[in-house]
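Engineer: Protein chains in written order, with numbering that gives the first Met the number 0: chain A, 0 to 477; chain B, 0 to 206.
Hints listed in this document are in silico derivations from the structure and should not be mistaken for laboratory results.
Using N, Cα and C, we set each Cβ at its ideal position, and we do this for glycine too.
A portion of the hints provided could be inaccurate.
Claimed, not checked - Chain A stretches covered by chain B per the calculated footprint, using a threshold of three residues with CB under 8 Å from any CB of chain B:
1. 46-53
2. 64-73
3. 85-97
4. 153-163
5. 199-211
6. 436-445
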Amino acid sequence: MSRPRTLFEKIWRRHVVPPEGVTAEAEGLPATIYVDLHLVHEVTSPQAFTELAERGLPVRRPDLTLATMDHSTPTDPSIDDARLRVLDPEGSAQLDRLQANCERYGIPLYAMGDERRGIVHVIGPELGATQPGMTVVCGDSHTSTHGAVGALAFGIGTSEVGHVLATQCLLQHRPKTYEMRVDGRLPEGVVAKDIILAVIARLGIGGGTGHVFEYTGEAIRALDMEGRMTVCNMSIEGGARAGLIAPDEVTFSYLEGRPMAPAGDAWEAALDDWRSLPTDEGAVYDRTTTLDGSALEPMVTYGTNPGMAIPIAGAVPEDDAIEPEKRASFRKALDYMALEPGQQLQGKPIDVVFVGSCTNSRYSDLVAAANVLRGRKVADGLRVLIVPGSDAVKRQAERDGLAQVFVDAGAEWREAGCSMCLAMNGDQLAPGQYAVSTSNRNFEGRQGAGGRTFLASPLTAAASAITGRVTDVREVLS
Amino acid sequence: MSTSFTRYTGTMAPLPIQNIDTDQIIPASYLKVTDRSGLASGLFSRWRYRDGDPEGDPISDFVLNRAEHGAARILLAGDNFGCGSSREHAPWALVGYGFRAVISTSFADIFRSNALKNGLLVVPVAEDVSAALFDAVAADPATEVTIDLEAQALSLPGGGETNFEVDPFARRCLLDGTDQLGYLLNQAPAIQAFEATHPARLDTRSG
Ligand code: SF4
Numbered sequence: 000m001s002r003p004r005t006l007f008e009k010i011w012r013r014h015v016v017p018p019e020g021v022t023a024e025a026e027g028l029p030a031t032i033y034v035d036l037h038l039v040h041e042v043t044s045p046q047a048f049t050e051l052a053e054r055g056l057p058v059r060r061p062d063l064t065l066a067t068m069d070h071s072t073p074t075d076p077s078i079d080d081a082r083l084r085v086l087d088p089e090g091s092a093q094l095d096r097l098q099a100n101c102e103r104y105g106i107p108l109y110a111m112g113d114e115r116r117g118i119v120h121v122i123g124p125e126l127g128a129t130q131p132g133m134t135v136v137c138g139d140s141h142t143s144t145h146g147a148v149g150a151l152a153f154g155i156g157t158s159e160v161g162h163v164l165a166t167q168c169l170l171q172h173r174p175k176t177y178e179m180r181v182d183g184r185l186p187e188g189v190v191a192k193d194i195i196l197a198v199i200a201r202l203g204i205g206g207g208t209g210h211v212f213e214y215t216g217e218a219i220r221a222l223d224m225e226g227r228m229t230v231c232n233m234s235i236e237g238g239a240r241a242g243l244i245a246p247d248e249v250t251f252s253y254l255e256g257r258p259m260a261p262a263g264d265a266w267e268a269a270l271d272d273w274r275s276l277p278t279d280e281g282a283v284y285d286r287t288t289t290l291d292g293s294a295l296e297p298m299v300t301y302g303t304n305p306g307m308a309i310p311i312a313g314a315v316p317e318d319d320a321i322e323p324e325k326r327a328s329f330r331k332a333l334d335y336m337a338l339e340p341g342q343q344l345q346g347k348p349i350d351v352v353f354v355g356s357c358t359n360s361r362y363s364d365l366v367a368a369a370n371v372l373r374g375r376k377v378a379d380g381l382r383v384l385i386v387p388g389s390d391a392v393k394r395q396a397e398r399d400g401l402a403q404v405f406v407d408a409g410a411e412w413r414e415a416g417c418s419m420c421l422a423m424n425g426d427q428l429a430p431g432q433y434a435v436s437t438s439n440r441n442f443e444g445r446q447g448a449g450g451r452t453f454l455a456s457p458l459t460a461a462a463s464a465i466t467g468r469v470t471d472v473r474e475v476l477s
Numbered sequence: 000m001s002t003s004f005t006r007y008t009g010t011m012a013p014l015p016i017q018n019i020d021t022d023q024i025i026p027a028s029y030l031k032v033t034d035r036s037g038l039a040s041g042l043f044s045r046w047r048y049r050d051g052d053p054e055g056d057p058i059s060d061f062v063l064n065r066a067e068h069g070a071a072r073i074l075l076a077g078d079n080f081g082c083g084s085s086r087e088h089a090p091w092a093l094v095g096y097g098f099r100a101v102i103s104t105s106f107a108d109i110f111r112s113n114a115l116k117n118g119l120l121v122v123p124v125a126e127d128v129s130a131a132l133f134d135a136v137a138a139d140p141a142t143e144v145t146i147d148l149e150a151q152a153l154s155l156p157g158g159g160e161t162n163f164e165v166d167p168f169a170r171r172c173l174l175d176g177t178d179q180l181g182y183l184l185n186q187a188p189a190i191q192a193f194e195a196t197h198p199a200r201l202d203t204r205s206g
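Hey, can you work out the whole structure from these sequences and the hints?
Structural biologist: The following block contains the structure:
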């Protein structure tokens, strides 16, 4: 029997293209890694297509490439194509460029108006395109999301997008493995988003650099697929390019019957293969960290990176709790957020609530938010945006009455897209505004110049929508 | 765009902030370009100009707006530089502005990879070296250092030098101008052979 291997190792080994002549890794050369699925969007691809055109190269595998429009698309239902051209000529030109590139190279594209369109990291799993054991890349750092199905998925730069378009391969050094073990059962009101915020708070945002996370433990196994996606999504915020969760029955029942998932005999064969993927007993990770899931609380960020997170009932740290060399950056973050050391966040008035982004815009996220908002009203003067991650999620939420719950509560029900996760499609905070957001980044200006972001779960966001203040969902529900 | 690097001597612009993310290096509002140019004015725009607007007033105490650092082509930054988004627009903006190298105690993975593909050298140094460099620049903004990629050496202001790590493949590419896409294209026969044993998992055109 071969020696025990981790899930990461198994996927990696299957995708190394054996070099001709040289023993690549032995000479410090990167490995050539074959890509099973390449996801493309409008923002990070134009320069890569230009490179191809300049060199007169074809796209090697359009059948393994899939494009969508998400980042610069408006989510205001009243903005149609013609209006977008006037409101945002540059964004509109970028969308046109993607369309032209996809037509030229025969790449399937889910353009505006297509029922399959949505945020790239929402539609991949939703279509069953991202499957266990695959390598998946995209010119987007949150490609780590797809690791939830047991695929090795990571973000790449635009030069690399060009490499994959032209060769279906990437030059990569093998990362190290990092087991992130979350034991125990999550308490009431604590969800996947709180797990990952707690992980990043523990490790710091550079803690996973050079590593691939594999999330293990009872609390992870108990998550549904969409919760697992939330966890893997934010692996990059811990510095790891990828996050993995071993495929299991939850994964298989999620994938079965999805449009691009294998069917019939191919499904049975795939299952056999996928069952061989989980990390073997006795396999060794380069590092391991363990968290007690039963001790977690709803988390909220106070600063300007996702590692600056605290339990919602806690307080912003005092200066002397911060290592001396980090104090200047800590102070800079608090200045930006207009917060004081030692301050409680709970009760802090807010201006906007954003439920959306590839972290938390799936159907179950909307269900969670709707369960809190049902029969209630959002606070006076508060702007609440609910932005489904895909057109499919939107339609399902409309069919099932969730959309009506949001509208009745006084929230805005929007078209699918990245929306206020990043300020490039018209949805953004005004300078000085505070938002509770279910997205993944609270960087300075991420949600609009001068905007201030508290990252939290959909439950916390919905509870805060009712009160107009940062609110512990457990108080609203009790 | 030149993607080579051998040796550079010059002054440093100090930015002693940790975890500088790519949203600060180049905000999303600049990501609507369809080429690589025109990003220099957006570089650090939220820290560089009032209201983040390049048409507006420069913020006088931001390092790039200070006369003594205006000509610096080496960025000396805090730990974990380039975290966050995978946008290659970040190194494009830095290179567009004129930066040749970034010195920090660590770099985010994707940023490092993107930078090296664009001739922007990332120079990781130990904490004491970083601290010494910040002190030296604070004492004398005209302090020069030399970065020698061939020798993987960084000269220190007080004399002496320190070695730095760089991915050997990226180093080779920077030194001799090897084009990484060309290198991959040369592997076409191996890729084809691999494809024969590795059937496609799906056909995206069937969705
Ligand atoms: S939702 Fe936000 S993080 Fe996700 S792909 Fe869009 S912009 Fe990136």
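Engineer: So, for every hint listed, does it hold in this structure?
Structural biologist: Comparing the hints with the structure gives:
1. For the stretch 46-53 of chain A, the assignment as covered by chain B holds, since 3 residues bring a beta-carbon within under 8 Å of that chain's beta-carbons and 3 suffice.
2. Beta-carbon proximity to chain B at under 8 Å applies to 4 residues in the stretch 64-73 of chain A; the threshold of 3 is reached and the given coverage holds.
3. With 6 residues bearing a CB less than 8 Å from a CB of chain B, the stretch 85-97 of chain A meets the requirement of three and the coverage assertion stands.
4. Here the stretch 153-163 of chain A counts 8 residues with a CB under 8 Å from a CB of chain B, which clears the bar of 3, and the coverage holds.
5. Taking a C-beta to C-beta cut-off of 8 Å, the stretch 199-211 of chain A contributes 4 residues in contact with chain B, enough for the three needed, and the coverage statement holds.
6. Check on the stretch 436-445 of chain A: 5 of its residues sit with their Cβ under 8 Å from a Cβ of chain B, so the three-residue criterion for coverage holds.
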